[in-house]
Amino acid sequence: MSSTTQSASEMDQRALRQRLFEGEDSWFARNRTLVIAFSLILVLLIISGIRQPGFLSLNNLRQQLVLATFLGTVAAGQTLVILTGGIDLSVAWNLNFAAILFTQTIGGSDDAGRIMFATVIALLAGTGVGLVNGLGVAILRIPSLVMTLGMNTVMLGVTLVYTNGSPQGLAPRFARALATGRIAGQVPWALVFWTGLAVVVIGLLKYSAFGRRIYAIGNNPRAAYLSGAPVRLNLIGVYAFAGLTAGLAGILLAGYSNNTYLGMGDAYVLQSIAAVVIGGTSILGGAGGYGGTIAGAIMIVLLQNALQVAGIRPAGQQILYGLIILMMLFIYGRASKVRE
Amino acid sequence: MPLLSATGIDKRFGGVVALHAADFSCEAGEIHALLGENGAGKSTMIKVLCGVQHPDAGTITCDGAPAPYADPAGAVAAGIVPVFQELSLVPHLTVAQNLVLGREPRNRFGLLDQRRMRRDAAALFAQLGFEGIDPGAEVRHLPLADRQLVEIAKAISRDPRVLILDEATSALNRREVERVFSVIRQLRDQGTAVIFISHRMDEVQELCDRATIFRDGETVGTVVIGETPPGEIVRMMVGRPLQDIFPPRNVDTRPSRPLLEVQHLSWESALRDVSLTVHAGEIVGLSGLEGQGQAELLFALFGVYAGVHGSITLDGAPVGRSGPGAAMHAGLALVPEDRKTQGLVLPMSVRDNVIMATIPDHSRSGFIPPAAERQSSLSMRDRMAIKTASVDAPVRFLSGGNQQKVVIAKWLLTDAKVYLLSDPTRGIDVGAKLEIYQLMRELTAAGKGILFFSTDLTEIVGLCDRALVMYEGSIVRELSGPDLTDANLVEAAVGLTDGGTR
Amino acid sequence: MSATSVTSGRAARAGRLGGMGRWVAGNGRLILAFIILAVLLAIYIERVPQFGAREQRSVVNQGLALTTTGFGQTVVVLTGGIDLSVGSMVGLTNSVASRITDSESTSRVWLAGIACLAIGAAGGLINGVIVAYGRLQPIIVTLATSSVFSGIALYVRPTPGGAFPFEATQFWTGSMEFRQLPRGMLWLATLVVLWLVFRRTRLATRIIAIGSSEGAAFMSGVNVARTKVAAYTISGMAAGAAGFYLTAQTGNGNALSGVDYTLNSIAAVVLGGASLAGGVGTFMGTIAGSYTIALIPRVLFFYDVSQFYQQLLQGLVLLGSVGLGAIGVLRTRNRLDKV
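Protein chains in written order, with my numbering: chain A, 1 to 340; chain B, 1 to 502; chain C, 1 to 339.
Because the hints were derived from the structure by calculation, they are not lab data.
Taking lysine-lysine and the BS3-like style, the derived pairs with C-alpha atoms no more than 30 angstroms apart in a straight line are:
(1) B/LYS417 / C/LYS338
(2) C/LYS338 / B/LYS340
(3) A/LYS206 / B/LYS340
(4) B/LYS340 / B/LYS387
(5) B/LYS417 / B/LYS340
(6) C/LYS338 / A/LYS206
(7) A/LYS206 / B/LYS387
(8) B/LYS387 / B/LYS417
Everything numeric in this text was worked out from a predicted model, so none of it was measured.
Working from the sequences, and respecting the hints, build out all of it.
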């Protein structure tokens, strides 16, 4: 096929193609799920664009991305937890409580100090819940499903008691601005925030010692332990981070909807797990990353929008939602066999 | 006509040749040993015979016709029943339930006939002469020796035509071994073929009729036990004088300083009053029956256990016991017994695994510069001659020997003072084994100390300056110099009193 | 490998007390579950003005649907899996049943019952096949199917509605002639008998084997896939039965009626001493767990505690019970087991 007079650039191209696509550890093989996820987003965009004329407008796409930010924030913590082989079912009411704590502490005032204080304690509350989760999972070895489930119920109770059943308070201007405002009228602050978060999380997972240990723990905590990794501390850190992101999402959501209500976090449990899994991270842990979760979050938001616009009733949306998750699982199952 | 035979078997795993044109055959009514060093191909041949692995080339015949089975269940149905080292017992079921799992007896209501299960189990144990095993006990509560006996009983209850025992007696004491042997002889007399794999030459001599010797993945030959001198068999196994396999000992007569000093170490019921010293430049071996505390000792030294009594010092300073981190800080390294579940994170890359014990050393403000880890992993790959296309390849694609090299590389990077090696050459090919022996010598030449547990007696004899034989958690004998022989190791291993008590 | 011989110490010591001692040592969580239930029950009976037929009915009926759902969840958890679709299946069968029944006909009630079991079985079968043959993780598969089942339920019953014969409701939720005991006890007793029978089948042994060590079960010739399919089918049927009971109890069909049942059934199973890793667990424990969860609101009522504390207490009880059971982990001497 090739004569000896192949040009140098042709050979470079071949070599590049080889490194990218061929073999077990080529870029494509290792990031197969990521490629699939983003391709599907493309497909969704195209289909939606065809069905709904205004869909591909800048305005609408921006809006979708802002919605995806909230999900993406919760899913950041969920990604880390799932990577270690666990699951966080407490995001719903952790988020909810943080949001309500935030707005009720501010109580309508405009005082910057008060707002800062409210932000801090809301984030502290979220992180605190995560810390408790981590302690239960790492030290008492309570399965994460049970621990976070219990904490979810506890936080539901705490929220009810704290609000006496009816949450009060409005979001302060800065939160509203963060969630709905734009820089120079073009780029939403929320997206700036998400980009920043993405850089932090992806950098953490790929390049930091902590990130490396997360993958090791997700794959084989015993080997990680025997290599000197502080497994318990790492796990606690992971769950605390998940609590922090839930708190962050709570504040953002409070700003976005300008008020808080009971149940505002409920949808995010399943959706954050779905975003992580659709993004290619294995539910067993040890494989995947936040890049995929970003794709998963965007896909879910686009999907919901597409289904709504297509006039499919909520019932149908649910069914399709479930079927699509299954389909993605099958595709990934064939694509990557990282687990033994 | 041979009952079971394999001819011209080829089997590769990745780039490593496990078997090459290997032959094996056994007749009905004989006890046939399969001999060879670690990595010679014995286990692979057995797995091929049982349908667990499929050969790349060659044929298997049963009663002269091509083997009618393609998987383990089929093999068992055809009467070929193996007892592997990885036990096939379900921890949360009782002994009786395990014995009949897959073909549980039912009463007339279609429900489990539990009384019959218990009766049959008790009868089976009585018939075999295995005492003291309660059919109603859950397997997870049984000690290793009992589990081995249950495994053997389970295999025999399947009415095998060919019974394969792969190191199935490694934890049994003298009396239990005698029992099992008498059962095996009975089976032989009834026409069953028994294939017996063991490291213990004395047992092979006592029990077996014929032996087939493997070396480097090939069949060296088949001999009749009574007619061939043991020395000749060892020569066939080993292929060259012992001096040529094991690198020569360092000829350094200077008194070396004690590195690791252990005094009166005790833990639960697994370790009792263990005291030992490892000097700089010394390889100290741990030997004895399996499950006597050797692996536990290494774990205890490495901080894996809580509640360890006694003192552990390295270079005079006490070794922290809060966990592996503290042990590493003091200068210890542990290459654990099971590289797949304890030594490596299989799906992660060679690079990731190599730096796993030195992540803090490779980090700057919490981040790992890619250049640093790349450099470490590449230089380790070259130094240990790890055969892998790229350091980014997942470690699970490597052969057993190369995987073990990755584990050792990981620990070499820590520049530890004393290396704890827990059966490091189990299940790896001969080439890698030799390289590991060489490495051990290099380490000792550099003044490091090695505490080394192996189930392969020739390694203990060939590599160690001193050997400590353990029994029931204590050290019962120390052998060195001309006393360090196979025979002495075996004799010391079975305990001070004949038969031993459990 | 060889280090596992050490863990037998505690059980060996218990063995000297005989079989009974061994049972107690190995079933601490189960005993704890019943102690908690007994305490709650005692408080309730003591506090309530009278513990007559009406109160007894109320207590028993409160936990029946959850206990029934828990039956299936117990079976699945024994295999080491989990079924997150049970709540949706309860909602689905509730909705379908309410479409079949009307306010008069008893034969329709029977028809609805059969339909519930059949639909539950079908859903469970789908779960089982995907998990066993598709080789996908149960947690995410049942999460996906739960969405599908919910969606179908919404199609069947977009808004709550339906009717159920009043006499039938009275029958299922009423009291018997015999000492005015709640008829629900019969339902419970049937479940217990079913469990005891199930426990003595080959299927149960194989289910536990898979949960305890799938590898060893496979090596012993157990058909792992078929056993898993059976387990999930049972879970679906149990959820279906719960959905039927819910219809009888409420006289109504609501697509969202099962929302709490998924996580509550898991809580019940765990409270009852089961291990989510598989191999350990019993329906008796699940009964204790379910009724503990069901009784908490009632007990709170008598302490004049705001209903808002109900959830908080449920969560704390769950965590407390699991935490207590986990204290044993802290005492393990082998840190590798704690990883």
